[in-house]
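Engineer: Okay, here's what each chain looks like letter by letter:
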Amino acid sequence: MPMTRREAAAAMAAFVLPLEAQGPADPPKLGFFTPNGAKLIEIIANILIPPDEFPGAGDAGVAFYIDKQMQGPLKHKLEVWRAGLFTFSSVAKHHFEGRSFLLLTPEEQKKFIDRIAAGGVPALRPIFDLIYDLTLQGYFGSSEHGGNLQQASWKMLRVEDVMGGVNHSNHAAPKAGER
Amino acid sequence: MKLDPVDAVVVGAGAGGGVVAFILAKAGFRVVLLERGREIPFAESGHDELRSQRTTVLGNAFGPDDENHSRMIRSPFTGRYVKTLPSEGGYNNVAACVGGGTASYGAMAWRFHPKDFKMLSAYGLVAGSTLEDWPITYEDLEPYYEKAEQEIGVSGKAGSNPFEGPRKKGYPMPPLPFNKEATILAAAAAKKGWHPFPIPMAINSVARDGRPGCIACPHCVGFGCEVNAKNGTQNTVIPRAIQTGNCSLVTEAVAKEILTGASGKATGVAYFHKGELQEQPARVVVVACSATETPRLLLNSKSKLHPNGLGNHNDWVGRNLQGHAYSGAYGLFEEEVFDGTGPAARVAMCDFNHGSEGVVGGAMLANEFIRLPYLFARNVRPPRVPRYGPEFKKYVRTYYKRTVGVKGPAQEMPLWENRVEVHATAKDHWGIPVAAITTRRHGQDALTGKFIAERAAEWLKAAGATETWLQVAGLNGTGGQHQAGTCRMGKDAKTSATDAYGRLHSVDNVYVADGSLHVTNGGFNPSLTIMALGFRVGEQIAKDWRKA
Numbered sequence: 001m002p003m004t005r006r007e008a009a010a011a012m013a014a015f016v017l018p019l020e021a022q023g024p025a026d027p028p029k030l031g032f033f034t035p036n037g038a039k040l041i042e043i044i045a046n047i048l049i050p051p052d053e054f055p056g057a058g059d060a061g062v063a064f065y066i067d068k069q070m071q072g073p074l075k076h077k078l079e080v081w082r083a084g085l086f087t088f089s090s091v092a093k094h095h096f097e098g099r100s101f102l103l104l105t106p107e108e109q110k111k112f113i114d115r116i117a118a119g120g121v122p123a124l125r126p127i128f129d130l131i132y133d134l135t136l137q138g139y140f141g142s143s144e145h146g147g148n149l150q151q152a153s154w155k156m157l158r159v160e161d162v163m164g165g166v167n168h169s170n171h172a173a174p175k176a177g178e179r
Numbered sequence: 180m181k182l183d184p185v186d187a188v189v190v191g192a193g194a195g196g197g198v199v200a201f202i203l204a205k206a207g208f209r210v211v212l213l214e215r216g217r218e219i220p221f222a223e224s225g226h227d228e229l230r231s232q233r234t235t236v237l238g239n240a241f242g243p244d245d246e247n248h249s250r251m252i253r254s255p256f257t258g259r260y261v262k263t264l265p266s267e268g269g270y271n272n273v274a275a276c277v278g279g280g281t282a283s284y285g286a287m288a289w290r291f292h293p294k295d296f297k298m299l300s301a302y303g304l305v306a307g308s309t310l311e312d313w314p315i316t317y318e319d320l321e322p323y324y325e326k327a328e329q330e331i332g333v334s335g336k337a338g339s340n341p342f343e344g345p346r347k348k349g350y351p352m353p354p355l356p357f358n359k360e361a362t363i364l365a366a367a368a369a370k371k372g373w374h375p376f377p378i379p380m381a382i383n384s385v386a387r388d389g390r391p392g393c394i395a396c397p398h399c400v401g402f403g404c405e406v407n408a409k410n411g412t413q414n415t416v417i418p419r420a421i422q423t424g425n426c427s428l429v430t431e432a433v434a435k436e437i438l439t440g441a442s443g444k445a446t447g448v449a450y451f452h453k454g455e456l457q458e459q460p461a462r463v464v465v466v467a468c469s470a471t472e473t474p475r476l477l478l479n480s481k482s483k484l485h486p487n488g489l490g491n492h493n494d495w496v497g498r499n500l501q502g503h504a505y506s507g508a509y510g511l512f513e514e515e516v517f518d519g520t521g522p523a524a525r526v527a528m529c530d531f532n533h534g535s536e537g538v539v540g541g542a543m544l545a546n547e548f549i550r551l552p553y554l555f556a557r558n559v560r561p562p563r564v565p566r567y568g569p570e571f572k573k574y575v576r577t578y579y580k581r582t583v584g585v586k587g588p589a590q591e592m593p594l595w596e597n598r599v600e601v602h603a604t605a606k607d608h609w610g611i612p613v614a615a616i617t618t619r620r621h622g623q624d625a626l627t628g629k630f631i632a633e634r635a636a637e638w639l640k641a642a643g644a645t646e647t648w649l650q651v652a653g654l655n656g657t658g659g660q661h662q663a664g665t666c667r668m669g670k671d672a673k674t675s676a677t678d679a680y681g682r683l684h685s686v687d688n689v690y691v692a693d694g695s696l697h698v699t700n701g702g703f704n705p706s707l708t709i710m711a712l713g714f715r716v717g718e719q720i721a722k723d724w725r726k727a
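If you read the sequences in order, they're chains A and B. My numbering applies: residue 1 is where the first sequence begins, and numbers increase by one. My numbering applies: residue 180 is where the second sequence begins, and numbers increase by one.
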């Protein structure tokens with residue numbers, strides 16, 4: 001059943017606030033994601049990289065990463081992102097006979113993601129691929145960008161001593177010629 | 180505004196343009212060096228994987244920026260154009276800053292193999308390809324390779340590569356030491372009867388020229404150097420050019436067109452600087468903007484006498500765009516092979532550059548630069564491992580430090596259809612028509628790629644890898660950072676854009692000095708060859724246009 005424009009806008013607003021409603025970005029506070037939007041990303045990110053002895057991607061702040069970057073360097077993806085999340089929620093709702101993805105059991109959520117990843121829901125493949133890539137970026141990139149809280153992934157890989165970001169370097173200043 | 184005339188204006192302060200500016204300034208020419216980007220200090224680019232030259236997902240620290248520099252990428256299969264930003268795949272980005280690609284490159288400093296200059300003679304015609312010999316030989320370029328190694332500063336071990344062409348002089352610095360994976364790989368290659376050696380690098384192994392030696396940090400390729408031990412044109416020849424007092428560098432200068440006079444000769448360059456259009460008159464114009472932007476500038480320089488763009492009397496400008504069909508393999512090891520030391524790419528061999536059955540050309544093989552966490556998680560995974568979930572996470576965690584990559588820049592067959600044009604309607608921030616790019620690979624490239632990938636896997640297995648998998652280049656071409664070929668040098672003015680010194684056949688005071696000149700692109704990273712050509716083109720200009 002096709003939605004009216006008003007219904008679509010309302011459904012979309014459930015995940016992403018309009019730009020003018022955003023406060024200044026101050027991670028780990030959310031800027032333009034609503035709590036539900038962030039929750040959706042956290043759930044999916046934790047399916048992609050689940051918690052074990054080390055935090056899952058959702059727990060490590062991938063939603064903060066996406067939230068921050070969509071207001072910065074990834075602005076040009078914002079429309080694709082909004083439309084993708086909207087499609088995701090409506091297709092999921094349709095698939096589960098009116099139940100929201102957020103309210104499904106973890107098993108149902110995982111099964112649905114598996115199905116998308118296997119190509120079983122072609123309409124959701126593009127947004128899945130985007131969420132997937134952003135999840136890896138947020139989990140493995142420098143925590144300066146909002147994700148990888150407390151360098152969770154770098155600690156897991158045991159590289160926190162050698163990896164750097166924009167504003168810091170982990171290397172002592174060398175003397176000329178020293179190696 | 181019309182500026183005071185100078186002897187030469189060089190467009191592009193990268194590998195080629197930086198060198199030409201230096202040679203001309205030293206010869207007493209008054210030179211203006213235009214660069215569309217600016218200087219990028221280390222404090223600004225840092226060690227951020229997500230904005231490095233290899234992973235531009237959050238933009239490219241070394242430019243160009245997404246806002247002002249889009250291109251149109253055309254599918255060779257459907258003919259459809261897609262607007263593409265610099266941070267997106269398929270853009271064919273090199274960088275836009277002082278030093279160009281050399282400010283953030285991996286700094287492998289290869290001389291091409293003598294046979295790389297004679298691909299047609301060595302292999303004969305390849306159906307569908309414009310394969311050709313260069314108009315110059317390795318011997319012609321050898322003195323200029325030497326100048327590039329000495330002026331830019333290359334560390335390496337002369338004589339350690341038995342397949343290298345003859346050299347008159349050794350490297351100015353000893354090689355960087357092997358890291359753990361290079362040590363393991365070198366021993367395995369020697370056991371196989373192959374010929375491993377330390378990769379020549381434009382990185383200080385010892386303090387030189389007032390800058391320190393490499394501190395072996397893991398952030399090398401794609402980054403600026405924290406201690407300024409990596410040598411590009413931005414910290415060698417460009418400052419030396421400026422020191423002569425004869426060269427002014429103008430950054431954030433976006434070239435619009437090369438201006439021509441009634442005789443058809445170039446009279447200077449029009450460029451935008453801080454929102455204003457400037458005209459820089461000059462006796463000689465040197466175009467060194469990369470194999471994408473050089474043909475774009477020439478094609479955008481249309482006039483009555485040059486209706487198809489400057490130097491494009493025969494439709495060869497922008498043709499034969501090529502890069503490398505990078506292929507290789509990864510291997511998993513039982514022990515940790517990652518020791519965290521950069522630049523990590525330390526050992527190579529040239530046993531498979533030429534003369535292999537069923538292959539046209541080939542590639543050097545080398546171990547990879549450090550795989551940083553995001554790119555590792557995204558791209559380095561055997562086919563049996565799922566791309567997400569608990570098993571994926573366990574794999575990344577277990578094998579991040581137990582994986583070695585070996586790959587090689589497999590030669591691509593040049594194709595006439597692979598080209599840079601200017602788009603009919605799409606314009607950049609300044610209203611200049613953007614580059615439109617069409618590339619695909621020749622079927623031969625897949626064979627070469629597969630052969631190279633299989634040798635890489637063989638090497639990894641010999642080194643003790645318990646599991647290997649191949650990564651073979653597909654049919655979707657990209658000039659990428661190694662883009663070349665779009666203003667081919669040649670003896671015949673009918674089938675090339677410039678003569679053997681980079682001078683446009685149809686305009687005698689315009690020269691090209693970048694990878695555009697490459698007839699074929701060798702089985703190596705191309706920067707030292709671009710620099711060597713810069714020395715050769717620069718010296719020729721100094722001779723041709725000496726002041727009376």
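Note that these hints are calculated values from the structure, not bench results. Treat each hint with caution, since some may be false.
What the hints assert, rightly or not - In silico DSSO-like pairs for lysine-lysine, Cα to Cα no more than 27 Å straight-line: (1) B:K444 to B:K722; (2) B:K348 to A:K75; (3) A:K111 to B:K580; (4) B:K294 to B:K573; (5) B:K262 to B:K294; (6) B:K294 to B:K347; (7) B:K294 to A:K155; (8) B:K722 to A:K75; (9) B:K606 to B:K348; (10) A:K77 to B:K640; (11) B:K722 to B:K370; (12) B:K297 to B:K670; (13) B:K359 to A:K155; (14) B:K580 to A:K155; (15) B:K573 to A:K39; (16) A:K77 to B:K606; (17) A:K110 to B:K573; (18) A:K75 to B:K297.
Engineer: Each hint should be assessed against the structure and marked as holding or not.
Structural biologist: The hints, checked one at a time:
1. This hinted pair checks out: B:K444 and B:K722 have alpha carbons roughly 18 Å apart, not beyond 27 Å.
2. Of the supplied pair hints, the one linking B:K348 and A:K75 is violated, its CA atoms being roughly 52 Å apart against a limit of 27 Å.
3. Note on A:K111 and B:K580: the hinted pairing is violated, with a Cα-Cα distance of about 32 Å set against a maximum of 27 Å.
4. Annotation: proposed proximity of B:K294 to B:K573 is violated, straight-line Cα distance about 46 Å (limit 27 Å).
5. Distance restraint check for B:K262 and B:K294: the Cα-Cα separation of roughly 38 Å exceeds the 27 Å cut-off, and the hinted pair is therefore not satisfied.
6. Restraint check: the Cα-Cα separation between B:K294 and B:K347 comes to about 18 Å, which is no more than 27 Å; the hinted pair holds.
7. As the CA atoms of B:K294 and A:K155 are separated by approximately 48 Å, the hinted pair breaks the 27 Å bound.
8. Of the supplied pair hints, the one linking B:K722 and A:K75 is violated, its CA atoms being roughly 51 Å apart against a limit of 27 Å.
9. For the given pair, B:K606 sits about 48 Å from B:K348 by alpha-carbon distance, which is inconsistent with the 27 Å threshold.
10. Between A:K77 and B:K640, the direct Cα distance comes to roughly 42 Å. Violation of the 27 Å bound is thereby established for this hinted pair.
11. Restraint check: the Cα-Cα separation between B:K722 and B:K370 comes to about 51 Å, which exceeds 27 Å; the hinted pair is violated.
12. At roughly 14 Å between alpha-carbon atoms, B:K297 and B:K670 fall within 27 Å of each other, so this suggested pair holds.
13. Restraint check for B:K359 and A:K155: the C-alpha separation of about 22 Å stays at or below 27 Å, so the hint holds.
14. Taking the CA atoms of B:K580 and A:K155, the gap is about 13 Å. The hint holds against a cut of 27 Å.
15. Between B:K573 and A:K39, the direct Cα distance comes to roughly 24 Å. Compliance with the 27 Å bound is thereby established for this hinted pair.
16. Taking the CA atoms of A:K77 and B:K606, the gap is about 21 Å. The hint holds against a cut of 27 Å.
17. Taking the CA atoms of A:K110 and B:K573, the gap is near 18 Å; set against the 27 Å cutoff, the hint holds.
18. Between A:K75 and B:K297 the CA atoms are separated by roughly 48 Å; this puts the pair beyond 27 Å, and the hint is violated.
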